[in-house]
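Asker: Here are the chains, one letter per residue:
Number of protein chains: 2
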Amino acid sequence: MNDLIARKMQKADLGVVVSLLADDELGRSREDKTKVVHADYLRAFEHIDSDVNQYAAIFEINGELIGCLQITFIPGLSRRGSLRGQIEGVRVSRDFRGKGYGAKMIAWAITKCRDRGCKMVQLTTDKKRENAIQFYEKFGFVKSHEGFKLTLASVLE
Amino acid sequence: MNDLIARKMQKADLGVVVSLLADDELGRSREDKTKVVHADYLRAFEHIDSDVNQYAAIFEINGELIGCLQITFIPGLSRRGSLRGQIEGVRVSRDFRGKGYGAKMIAWAITKCRDRGCKMVQLTTDKKRENAIQFYEKFGFVKSHEGFKLTLASVLE
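Keeping their order, the protein sequence lines are chains A and B.
Positions 0 to 156 (numbering that gives the first Met the number 0) are the ones given, in order, by the first sequence.
Positions 0 to 156 (numbering that gives the first Met the number 0) are the ones given, in order, by the second sequence.
Watch out, some of these pointers could steer you wrong.
Said to hold, decoys possible - Think about it this way: if two alpha-carbon atoms lie no more than 30 Å apart in a straight line, the pair counts; the simulated DSBU-like pairs of lysine-lysine are:
1. A:118 / A:103
2. B:10 / A:142
3. A:148 / B:148
4. A:127 / B:142
5. A:148 / A:137
6. B:126 / A:7
7. B:142 / B:10
8. B:103 / B:126
9. B:10 / A:7
10. B:103 / A:7
11. B:127 / A:127
12. B:7 / B:142
13. B:10 / B:137
14. B:118 / A:111
15. A:98 / A:10
16. B:126 / A:126
17. B:7 / A:127
18. A:7 / A:118
19. B:98 / B:127
What the hints assert, rightly or not - Some but not every residue of chain A turned toward chain B, in silico, with C-beta under 10 Å:
20. 4
21. 40
22. 63
23. 64
24. 116
25. 123
26. 128
27. 153
To be clear, the hints were calculated from the coordinates, so they are not data collected in a lab.
All figures in this text were calculated on a predicted structure; none of them were measured in a lab.
Ideal placement from N, C-alpha and C gives every residue a C-beta, glycine not left out.
Input sequences plus hints: build the corresponding full structure.
Answerer: Next up, the structure:
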């Protein structure tokens, strides 16, 4: 396995990242894949980038962007004021799947949360993603909770 | 039902809020209930209060604090850069449970998310909380996801 490098996402990465989000069984129908990056993604990137409690990470091998994920650090009162790290938007480029890179990315994210002082790491996975569920269980994640979603507005309207 | 008033949590509310968090089937063993509010809660409150993407709400009836919840606004790239609202730490004071106040609180939180421009509201509920699961389904929340948690450190160590 070649060296995997993690770094903070930059605006220039957006085009590749949007392609990654779209090249997904469930994401295909809900992303905008036109060549020019849609202004909605740019706005979301600025929002993420200006929030110290957000970390959008990208992963590279030999300068090629092969994966991404986002960590949200959530300060909360419960569990004696514990900080939580929440992982969202985990994607690995099609050609690099099944090679152990996803595991390296999640291990990196867990370390990032630990270094920041999180007492817990949390994430939700669509119940249709059976492989992902087994994958997270191997890390010691426990599916103790129901992950509820309520859609307020269609994304591609 | 008396009028339920929602407002932003203040530092002075912390003592009552911590009691609320502790007076819970699952929270009992993981909160610090000593009379003086533990410094960890104060630190967490400052962290929440200084983050524009956090909104800790408390609910009052005739000036009595009867409930709390926290909303985290999460900017993300997926779903064309959709903002999500995440609800955590929903608690209703024991004497006011089963009277419909919880439903009013969640309806308030959903409206807050909609007003902020969220395309989705999400939350997780411990699978052991059977009543809570039915409660959220009535709002249209779909338990499409597994909610994974990975504990990094014991809370009361």
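Asker: Find the hints from earlier in the document that the structure breaks and name them by number, from lowest to highest.
Answerer: 2, 6, 7, 9, 10, 13, 17, 20, 22, 23
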